[in-house]
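Student: Heads up: the protein sequence lines correspond to chains A and B, in order. According to this note's numbering, the first sequence is numbered sequentially starting from 127. According to this note's numbering, the second sequence is numbered sequentially starting from 2.
No lab work stands behind these hints: they were computed from the structure. Careful: at least some of the hints might be erroneous.
Claimed, not checked - Distance condition first, Cα-Cα at most 20 Å in a straight line; then the derived PhoX-like pairs of lysine-lysine: (1) A/K220 with B/K487; (2) A/K165 with A/K298; (3) B/K496 with B/K548; (4) B/K245 with B/K144; (5) A/K298 with B/K297; (6) A/K181 with B/K496; (7) A/K223 with B/K487; (8) B/K496 with A/K220; (9) A/K298 with A/K717; (10) B/K297 with A/K223; (11) B/K597 with B/K537; (12) B/K262 with B/K245; (13) A/K698 with A/K717; (14) B/K581 with B/K596.
Note that the structure is a prediction, hence the values are computed from the model and not measured.
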Amino acid sequence: MAMVPVKINGKNYNVEQGISILEACRSVGIDIPTLCYLKDINEIGACRICLCEVKGARSLVAACVYPIDPPRKDRVTGELIPMEIVTNSETVIKSRKMTLELILSTHNKSCLSCVRSGSCELQKLCHEYGIEDENAFVGENPPFEIDTTATHMIRDNTKCILCRRCTAVCSKLQHVGVIGPNDRGFNTHIGCAFEADLGEVTCISCGQCINVCPTGALHEKDETQKVFDALADPKKHVIIQTAPSVRVGLGECFGMPIGSIVTGKMVAACKMLGFDGVFDTNFTADLTIMEEATEFLERYTKKENLPLITSCSPGWIKFCEHYHHDMIPHLSSCKSPQGMFGAIAKTYYAEKIGVDPKDIFSVSVMPCTAKKFEASRHDHTAVEGLADIDVALTTRELGRMIQRAGIRFTELPDAEFDSPFGLGSGAGTIFGATGGVMEAALRTAAEIVTGKPLEKLEFNDVRGVAGIKEATYELAGNVIKVAVASGLENADRLLRMVKSGEKYYDFIEIMACPGGCVNGGGQPIVPASVRNFVDVRAVRAAALYQDDLNLPVRKSHENPDIKSIYAEYFEKPGSHKAHEILHTAYTKRPKY
Amino acid sequence: MYRPHVLVCCGTGCTSSGSAKVIETLEAEIAKAGLSEEIKVTRTDCFGLCTVGPNMIVYPEGCFYSKVNVDDIPEIVAEHLLKGRPVKRLLYKKPVEKDTITCLDHTDFFRKQKRVALRNCGLINPESIEEYIAMDGYEALGKCLTEYTPDQVIQTILDSGLRGRGGAGFPTGMKWRFAAGNRGQVQKYVCCNADEGDPGAFMDRSVLEGDPHCVLEAMAIAGYAIGATQGYIYVRAEYPIAVKRLEIAIEQARKYGLLGKNIFGTDFCFDIELRLGAGAFVCGEETALMTSIEGKRGEPRPRPPFPASKGLFQQPTILNNVETYANIPQIILKGPQWFASMGTEKSKGTKVFALGGKIHNTGLVEIPMGTTLREIVEEIGGGVPNGKKFKAAQTGGPSGGCISAENMDVPIDYDNLIAIGTMMGSGGMIIMDEDNCMVDIAKFFLQFTVDESCGKCTPCRVGTRRLLEMLEKITAGNGTLEDLDKMEALCYYIKNNSLCGLGQTAPNPVLSTLRYFRDEYIAHVVDKTCPAGVCKGLLHFYIQPDKCRGCTACARICPVSAISGKVREVHVIDQTKCIKCGSCIEKCKFGAIIKK
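Looking at chain A on its own, in the form it has when it is part of the complex (with noise of 0.2 Å):
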């Protein structure tokens, strides 16, 4: 649109018209604080922290969306007048303060015992506008309630600022819509349909409303204590695995820039958190390729239940058991990477040291919060009243156990995987990204079907932040339709397209979290104030794809670990055992 004048805090600038006066200042280099704003997800001018002067309006306006208007006649002069914008004056600073005094008197403000205590976004404005006094209104307040009934994460809505970004990213964004606003006026709370507790509702434990959560109300079940103990019973033999996303994440628990690689230290964090195994997910994720490539060369032969479709995250998988039962049977059987790596940690593994697997303790970090969901699932363990994979914890608590063991992560030489499963090809460490899986699938079933090395690795169309992605590919005169979708917006929108037959696929992933696993539930919590102008899922993103052109190993099926375990083991991909042990199967679940 057109760029045009306006004044804000007494000077002069151009901007452009129609965008929201928040963003407008950004552009210029004025901040103005915000609470509830999320970029396209929640634009509801609710908190009213964002509110400023606009000349001629009737009250203060809200910032976040008041858009920018053109010039205005003078109906005397016939001059015309530019918008003019204050964002600082002592009404406005007045303002914002009584808005923070107000939501403190309702707010739980025991924030040395919170883990959002540093990162959270109101403790932070109430800092920078020097409250005073917490107690300002004190008045009494209706009987929140604190919701521990899910497996991944505590609802605790005594900290509820009533932002409503988890109501609209669970419902605008992943289409799932299992928690609102209850009642109404002072006794609006966040809750399920009928006060229903969230672990019996069809919440998919994706954790995105802890994601972009402003306070301490949203959080996961931290089980870093349930590894502490393991690490130091001497009984235990404990190893962890390192999902590819993490390697992009975790640095910004130290106050690294986003999208930083830090594979190296966190190989060395961990191995001086006591470790005895320190391994690479990427390593199964191979693995995964290796059995879904061949299960999709399979039915993409015989034409039978096509479109085979990703399994590998938990949130799509409780997604489709609940509301797309008549998709279940393309669900490919394959485990995900955590999950074939807890299978063979307490078989293959196991047999190799010479350990019982009821000594082995299994670890995993994930960016994810639905892996706790997925590590409860005692459906097809390997082992028959084992755990596959014993504590599943997300890269924030991973952080907060380094961080607690007094480790200066920063300051780490780099370190290397332990073998067996220390080596991922750069097909496995793509797996975080949106359309990785897929890229990777596409680099082992394409030298299957063709027969001859690939001469480009990259598989552009199916990269990209796009919420649907679409490509068909010509491998030795098979053509092959493929497509990607991450957020359960777009997967539902995507399915409804193949099930009326408007499109047809052979092979689509799904991700459950917009932008892939980079974008996880579990992943360290970017503020909104970055996350409205920076597109965090597409850094991570890249920093993944930057590590793969930087691995020696770049396809799956090259992986000399990966030719190991089945000379050693499965034999070949899809053989009996490999079926015992790497897959699973799926289970309907009603639809509320």
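Starting from the known structure of chain A, arrange chain B on it as the hints suggest.
Tutor: Quick look at chain B alone, frame taken from chain A:
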């Protein structure tokens, strides 16, 4: 040919007083006397003098019977209808005059009224489209469709000076003009705000119950003016009679081809559907109303974008109040100059007020803008009963403020009321006398707003609640002067920072009473007394020793045994136990117990 014509009110007020049984009995008696062919009984709606219902008018004399009982019917039929002798003792009497007045229009209540929006209420059977058409109904719509272009219709409304009757007073013609662009190229909507939520307001209810067709006709005219083909009436579910009348009216209009496709044989198509509210005052707010129609939680949206460009379902929409619509057909038929000849310079036409509280004639009145409060209270309203003194009039309901005695001669119009710290609002007007405590009144209205806040924005959700707690502290006797300052600052904050009109106007009753009755607030916080004797926390029930005879009647009636004393000895009330129920005052035959 009918000889006498008997109109009986079936509005909500008179129905609650038993008018349904009255009509039944009337028709039975008339049938018994064999007069069913000669006497027409019409179920009409609100005449306006609700305080004396059930109401009945007999034409051609224009005899106004009030407080009609089922037992009175045989006498009325035998004496008046059969023999032509009105039953004097049942006729409406002005409370202070000795002579009995027979003609309706000459009563003080009706003399200064000018019924424009209410012109058909009380005259026609609202369930008969034929009677509406007989009163020039749908002629305005026909005129617009055949003689005016849409832009000419908008110009007519602009020239009339009509301003929104829902409270904000925005020029109606201007609102229609904003939505008129791109006619025929986009889907547009015409909405009617029938969610009348102000406590004590029933102007819209009477229009909807008494003359539903005028709203339908006006909405169709609006649809023609802006290029909309669909209308929605959002009516509160607590008005079941209005809902029923609207459903009947819409059905009848469709049957007559006055709603639906090709109205009056032109290209113009327009239909109306009802949407029922679900008990939320906030859904009377423009954007919350539209969000509710969309099936979502009824919460307001920030503006811009304004509904004229992005309203219902993100399409251009106009929303007008019932009373605003009620004026439209007349403006078309009689011309904008006629409408503009009534009222003041910036507030044209008439306004319907729901008069309530400490006033003789409670009910609906429609008066030209510019009428003073003094005329309303002393002449139309019949004065304050029981010899009490007028103290203040509250206008605008929970969003408004009060008019004190010093401003009684201010001509009532939109801008004058804002200048003195209140607002027109939708028309509720509550009269208060010396026995009302203004702090308590402010608390009452704030309790309402706190209850009805949608909860979306911080200033209203938390701010009004904390404001109420401060008022409760003051009326309980624990307030300080600092609290008054803090309260005022919070009021201005809430006004300036809230997302929608509910929050922006919620502090008005507090601010207005602080402005005109600050001495009462000071009495509450400094002297710890309630001058009007209302706030229980500041009242002490006290047995005057010189008057007490020791009869023990009070001690025996006290529900919490707070009174002690032996027979024939002076009794004493234990203040720590007293719950201030007042039973002892009622029981004492010697007037020994007082509140202070």
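Student: Starting from B/K496, check that the Cα of B/K548 is at most 20 Å away, please.
Tutor: violated, 51 Å
Student: Below or equal to 20 Å on CA atoms is what counts here, so check B/K597 against B/K537.
Tutor: Roughly 10 Å between the alpha carbons, so the hint for B/K597 and B/K537 holds.
Student: Going straight from one Cα to the other, do A/K165 and A/K298 come out at no more than 20 Å?
Tutor: It holds: about 12 Å lies between the C-alpha atoms, which stays within 20 Å.
Student: Does the structure keep B/K581 and B/K596 at a Cα separation of 20 Å or less?
Tutor: holds, 9 Å
Student: Run the distance test for A/K698 versus A/K717: straight-line Cα separation, threshold 20 Å.
Tutor: With a Cα-Cα distance of about 38 Å, the restraint between A/K698 and A/K717 is violated, given a limit of 20 Å.
Student: Does A/K298 pair with A/K717 here, judged by a C-alpha cut-off of 20 Å?
Tutor: holds, 18 Å
Student: Checking one constraint from the list: CA of A/K220 to CA of B/K487, max 20 Å. Satisfied?
Tutor: holds, 13 Å
Student: Next pair to validate is A/K298 with B/K297; report whether the Cα-Cα distance is within 20 Å.
Tutor: Distance of about 14 Å is within 20 Å: holds.
Student: Holds or violated: B/K297 and A/K223, Cα atoms, limit 20 Å.
Tutor: Violated, because 32 Å separates the two Cα atoms, which is more than 20 Å.
Student: For a C-alpha distance cap of 20 Å, please report whether A/K181 and B/K496 respect it.
Tutor: Status holds; Cα separation ~17 Å.
Student: Against the 20 Å threshold, does the CA-CA distance of B/K262 and B/K245 hold or violate the hint?
Tutor: Roughly 23 Å separates the two Cα atoms, so the pair is violated.
Student: Assess, step by step, whether the Cα of A/K223 is no farther than 20 Å from the Cα of B/K487, and give holds or violated.
Tutor: Status holds; Cα separation ~14 Å.
The structure fails hints 3, 4, 10, 12, 13 (numbered hints given earlier, in ascending order).
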